[in-house]
Amino acid sequence: QQDTIETNTIDQSTTMGKEDGELAGLMNKLYSIQEDVGGKEEVKTKATKKNGSKDKASRFQDLKSTIVDRLKTVQELMKDAHEKEKAMVGGFANPKEKIAAQQTMRENIRQLGEEWKELDALYKSEAKKKR
19 QQDTIETNTI DQSTTMGKED GELAGLMNKL YSIQEDVGGK EEVKTKATKK
69 NGSKDKASRF QDLKSTIVDR LKTVQELMKD AHEKEKAMVG GFANPKEKIA
119 AQQTMRENIR QLGEEWKELD ALYKSEAKKK R
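Heads up: the sequence shown is residues 19 to 149, going by this note's numbering.
Check before you lean on any hint, since a few could be wrong.
Unchecked claim - Only pairs whose alpha carbons sit at most 30 Å apart, straight line, appear in this in silico DSSO-like list of lysine-lysine:
hint: 1; residue 1: 116; residue 2: 104
hint: 2; residue 1: 147; residue 2: 135
hint: 3; residue 1: 47; residue 2: 148
hint: 4; residue 1: 97; residue 2: 74
hint: 5; residue 1: 114; residue 2: 47
hint: 6; residue 1: 104; residue 2: 148
hint: 7; residue 1: 97; residue 2: 148
hint: 8; residue 1: 146; residue 2: 74
hint: 9; residue 1: 72; residue 2: 104
hint: 10; residue 1: 72; residue 2: 147
hint: 11; residue 1: 135; residue 2: 74
Rather than coming from a laboratory, the hints here were simulated on the basis of the structure.
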């Protein structure tokens, strides 16, 4: 239910620009991965069966949920900035406000990159074990 609501908001944001399209693509990928995996609760119950994988599974889920939250935050920041620029002919009323919003977006995107690398490393290490 929630995924369809979020997907609808993602589709609306794709008209805002290339960055928004890329962000929407990433959000859609994460939602499809989450659906394939089956969600948080199922993974946690499987993880409790094996003590060794419990920490990695919970770390994986924590990272994944943090990434999704950050993507939602960046998407909202981009939407707000776009709406403010549309509302005012010259853009933001206060240039400092625009710079602060851009800095917040950049910081969230930077952290997303770091968390994605860690998530990818956890995934690859588990995939090697299953081979």
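Against the structure, the hints come out as follows:
1. 116 - 104: OK: residue 116 and residue 104 at ~13 Å, within 30 Å.
2. 147 - 135: Holds, at roughly 19 Å.
3. 47 - 148: holds (23 Å)
4. 97 - 74: violated (34 Å)
5. 114 - 47: violated (34 Å)
6. 104 - 148: Given that 30 Å is the threshold and the Cα spacing comes to 51 Å, the pair is violated.
7. 97 - 148: Distance of about 41 Å is beyond 30 Å: violated.
8. 146 - 74: holds (14 Å)
9. 72 - 104: Distance ~48 Å between residue 72 and residue 104 Cα, so the pair is violated.
10. 72 - 147: This hinted pair holds, its Cα atoms lying about 15 Å apart.
11. 135 - 74: holds (15 Å)
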